[in-house]
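Colleague: Start from the sequences and build out the full structure, keeping to the hints where you can.
Keeping their order, the protein sequence lines are chains A and B. Heads up: the first sequence at position 108 corresponds to 108 in the working numbering, and the numbers run straight through without jumps. Heads up: the second sequence at position 79 corresponds to 79 in the working numbering, and the numbers run straight through without jumps.
Keep in mind that the hints are not guaranteed to be accurate.
If several chains are the same, the list does not tell them apart, and a pair holds so long as it fits within one copy or across any two.
Below, a list of computed lysine-lysine pairs in the DSSO-like style, where the Cα atoms sit at most 27 Å apart [stated by the list, open to error]: (1) Lys20 with Lys42; (2) Lys63 with Lys5; (3) Lys42 with Lys58; (4) Lys11 with Lys42; (5) Lys42 with Lys80.
Treat the hints as calculated values from the structure; they're not laboratory data. All figures in this text were calculated on a predicted structure; none of them were measured in a lab.
Chain by chain, the residues run as shown.
Number of protein chains: 2
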Amino acid sequence: MNHIKWSKSEKKIAREAFEKAYERECSYLAGRIREKANNIRKSDDIWELHDFLTEKRKEVDDKYDYRYSVLDFVFARLTKEGWLEYDDLEGVAEERIEYMKSLLRFSKPNTDK
Amino acid sequence: MNHIKWSKSEKKIAREAFEKAYERECSYLAGRIREKANNIRKSDDIWELHDFLTEKRKEVDDKYDYRYSVLDFVFARLTKEGWLEYDDLEGVAEERIEYMKSLLRFSKPNTDK
Chain A
1 MNHIKWSKSE
11 KKIAREAFEK
21 AYERECSYLA
31 GRIREKANNI
41 RKSDDIWELH
51 DFLTEKRKEV
61 DDKYDYRYSV
71 LDFVFARLTK
81 EGWLEYDDLE
91 GVAEERIEYM
101 KSLLRFSKPN
111 TDK
Chain B
1 MNHIKWSKSE
11 KKIAREAFEK
21 AYERECSYLA
31 GRIREKANNI
41 RKSDDIWELH
51 DFLTEKRKEV
61 DDKYDYRYSV
71 LDFVFARLTK
81 EGWLEYDDLE
91 GVAEERIEYM
101 KSLLRFSKPN
111 TDK
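Modeller: Shown next, in the form of structure tokens:
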């Protein structure tokens, strides 16, 4: 765990970046939902869309956890998955950004959105 | 409860009518889902669609109960809601059709699909 405190201005940047990533992911998800909805051909496709949404809702709820105690991990994950770029965190202490990057150093590349 | 037994040929008609009603309702539901999906403007619209699907899935699961002990009630409800017409049950004993109609006599008209 990182013990560097978030300054007031960093908290503002963090909140905005967090919202931006959430909007990006939801926008992408909306596209997938539209595609699935427009491809419903039989009743089972409806229930499959419901299962998909149930799973995604849980995933998004779990992922977007804005507690400062876990935020470095959240941001590291969001950049790994492509919902956030480090540029979105411009103004946050370089030391913290490096810490986030270090969290990913030994993780496998993400190929599945 | 109706104690007239379903004959073999009536069971075939009943099964087909049941499937037809289910397909009609699912087809209408698919249209509503497409409309909602194509109208997603913000993230909350995604979760609202999920809630809608959760509710509809439960409703459909509860409604489409193919046990002969409850089938008269199921068919009465399906005709009331417009998913089935008595013509779809042509070949089923008139006495049974009359019994189904009697089940609806004192129920309120359905205005909400």
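Colleague: Confirm or reject each hint.
Modeller: We went through each hint and held it up to the structure:
1. Lys20 with Lys42: between (36 Å within a copy, 13 Å between copies)
2. Lys63 with Lys5: So Lys63 and Lys5 pass the 27 Å test inside one copy only (22 Å; across, 56 Å).
3. Lys42 with Lys58: For Lys42 and Lys58, the Cα distance is within 27 Å both inside one copy (26 Å) and across copies (18 Å).
4. Lys11 with Lys42: Only across copies: Lys11 and Lys42 sit 24 Å apart there, 48 Å inside one copy, limit 27 Å.
5. Lys42 with Lys80: between (36 Å within a copy, 24 Å between copies)
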